[in-house]
Amino acid sequence: MSEPPIDRPRDVLAPDSAAAAEERERLELERSWRGRPGFWGWLTTTDHKRIGLRYIITAFVFFLLAGLNAALMRLQLARPESHIVGPDRYDQLFTTHGTAMMFLFAVPMVIALGLYFVPLMIGARNVAFPRLNAYGYYTYLIGGILLFVQLYLNSGPDTGWFAYVPLSGPQFSPGKRVDTWAQMVTFTEIAGLVGAVEIIVTVFKNRAPGMSLNRMPLFVWTELVTAFMILFSLPWVATGSTILLAGDRLVGTHFFNPAEGGDALLWQHVFWFFGHPEVYIVFLPALGIVSEVVQSFARREVFGYPAIVLSTIATGFLAFGLWVHHMFATTVPQLGASFFTAASAMITIPTGVQFFCWIATIWTGRPRFRVPFLFILGFFATFLIGGLSGVMIASVPFDIQVHDSFFIVAHLHYVLLGGMVFPMFAGFYYWFPKATGRMLDEGLGRLHFALWFIGVNLTFFPMHYLGLEGMPRRVYTYLAATGWGPLNLVASLGAATIAASVVAFLVNAARCWRGGRLAGADPWDGPSLEWLAASPPRPYNFQHIPVVQGRAALWERSPDRPVVTGLRTDMREVLVTTLLDAAPDSRHRHPEDTIVPFVAALATGVLFITLMFTPWAVVVGSVCLFVPLILWGWPDRREHTLELRESEERAA
Amino acid sequence: MILALLQETAARALTFPGAHSVLRPHGPQALRIHELWRFLWIVALVVWVLVVAALLWGAFRRHGPEDGGERSGGGPGMHRAVVGATALTVVVLVVFLVFDFSTGRALTMAPGGELHVQVTGHQWWWEVEYPHPEPYKRATTANEIHVPVGVPVVVELQAADVIHSFWAPSLTGKRDLIPRVRSSLWFQADTPGVYRGQCAEFCGYQHAKMGFQIIAEPRAQFEAWLARQRDSARTPADTLARRGRQVFLASSCPLCHTIAGTMAGGNVGPDLTHLASRRTLAAGTLPNTRGNLAGWIVDPQRIKPGVIMPANQLAPRDLQALLAYLETLE
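Same order as they appear, the protein sequences are chains A and B.
The first sequence begins at 1 in the numbering used here and counts up by one.
The second sequence begins at 653 in the numbering used here and counts up by one.
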């Protein structure tokens, strides 16, 4: 590896000045944390920001591709009995749309935002397990590519994103379409669990000193709760899809085959026990973004911090007690269903508390109406509609009318677009300057917001009415005599507006990535630690790990601005702190960049993709995985020498 | 374009056969649910307006010049407001739960003196059977359910292949048909008319074209209809139709379809014994006319791509004869 000139000016500076020492330290940090140059460096990096940004962009690309599916579907449904796509293609389009939006966009996006911003917000140098982080990303990428390649080869899954058996079983779905779905799920499960572990350990052990749990930024809290929810819910769908695939489809077991005594309802329970928490997995971090943006732009610490934290945790628990409300039209006994109605109504309370706290914050503050704040206002108006229709369908009698109708399509898009995508765009405008060093354009941003707000409501509000008029979801066409034509046309025009707004965003991002106004470290006068780092942050995030003195870390610093000293700068070293109080605990040697996670992800890819065809994949794939895993754990000789030298120094 | 939309709406008023809407209830259950819906949307609207008004007022209100540097706001007044709003939320939810549970109870009360109908969901049509203690008197039809007005009807549901869902929104909510799981629902039509329904659970390629009709008629008319449906098909007198009967029996049709009174006894597709008495073809997709029937027989894949019925290449003379025969099956 060649030494770039940046490492040399050390002797130019006066050797004894404090500034020189500072500069020497900075250069040393730069050298130990910088990755390898070029494409090799791109593949081997374990920097949470490079992986995180890649993750965010990948998830956004899947959002665009799945959005393209939606555009085609709206084109088909704009008029009754049109022939733009047939039922076969349409089924693949909506299945891939739902699957990609949930598994490849929404969940990965909130994890990716966490992987990028959580370490910055808690004053850490990187995530706790940087190599695992890279592995998770590549696994996710392979799963996503698999799904879309299969779709474009006309063998995409076609039984809906919840793949109900027996329709998705071997008898009614021969071929490899459903196997693609099941394996894609497995890939994203691995990536999701990896992300969850990263976030939990990073938050628990790598917070800057002084950032006790009750001083953590709310976004970090929501990411933490979400990570725990992932840990408890994703194994369900992994088990389900593995039983479905490796069992029923591949080796002929009969877990879900009614003809052999299997139970079709078992799948629904297993799936929704994951599927319902999934909604809150997506939604909670978005609420975290709302909290951050509200306090930055109202220029007030968020009102009712303890109430918001407790609401977040309560939501995390309650989310596991709602799954049966997806199954009210099956043969659930009435008394049982009543409990789920009550639980579904109850989860409104913590969300309501958060709403009231944000409104109180805005009341007491002086809001700046910049684009992130506009998206938050849009979030309030839009998500509230989804929340209210959510209470409606918690009612069994009302739900059995609108269940599986376009009313549900309207509801879930109001919840997910209102509750997740609005805050996500707010977060994009808020954090874009941090990640790129440049501001997004305000004018284009306003255009993006206006078109988005109009488009979303124009598309999805009429669907409530269509559902009440009897239009079931997942129909590739409808008869003219049903009278559903005019409102479907309106919805399709709305979809075109959404497309235009996304184009406005893409133009904005493309133009400002390199050419936007320079942001500086803290363009918004933000409260949390990420605004202390340079924009874009250096590979080590902070030259000095700050000591945190209050909840809004940057607003509540004493004039002397205390920092952590004593961390090594000549090699990657991070500070480990205690769980509750974030008191400094130990120093931890941090791994170097390596290609091993990428190779391990490829081997995992071989395993799961061959598993679509033969159970022998388990044997072949295990052998393939064995090599990178051994390399992963192989002791590092340099590390060993360093440790030896360190103990010698200590002895001396 | 607007003109076209208006025309379409007008055309719908003329041709659309009866009600298919949660908002136009015609039975006691749909009525109760409609009352609940009215309560729900009014409360939702009020809540939405209040919250958004509070938000916008808070965002746009004029602020005093003094609040510059202060970073933590919100005195005891704000605290009380947030607690009050939360308490109000709880109260509204409790009222909602009470209303919901009482509606739910009313809906599940089993009615007495009812008519039993068995409905089986197939990919992609509905088999409808009126049971009778004597097997030969069972009436089997497809995609339409005749019921007497003002009488509670219990529908016993089962699925032949995958999960379907039975939904006629003007009469009652839906119920899933799950293989190997027995389920049922009941409804009552209070006004004579045709109520449209459609499968609501995604069930494969032709989920979109799996409709049915519930025809509510006065008791006497219903009884007469049922008596006719219990009969076997008669051998036609007309020579063309007789030839059509031979065409039917000599082709692959009987492998899938039954015509009671003939050798045709297949049970893959709908029972055709009284085909000509039905209002629609292909599960509520086409009006039952000679032209549509011909089109369906010759190339069903054009009308419902993916449907199990294959295309039938018949000589024009055979087709005419077959149509003539099928039209006698009243």
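It should be emphasised that the hints constitute simulated quantities derived from the structure, not laboratory data.
Every residue, glycine too, gets a C-beta built ideally from N, C-alpha and C.
Please note that the accuracy of each hint is not assured.
[Unchecked claim] Okay, the calculated bits of chain B under chain A, using three or more residues with CB under 8 Å as the criterion:
hint	region
1	679-688
2	738-752
3	884-893
4	958-969
Quick rundown of the hints versus the structure:
1. 679-688: holds (count 4)
2. 738-752: holds (count 7)
3. 884-893: Not satisfied, violated; 0 residues make the cut.
4. 958-969: violated (count 1)
In this structure, the hints that do not hold are numbers 3 and 4, in rising order.
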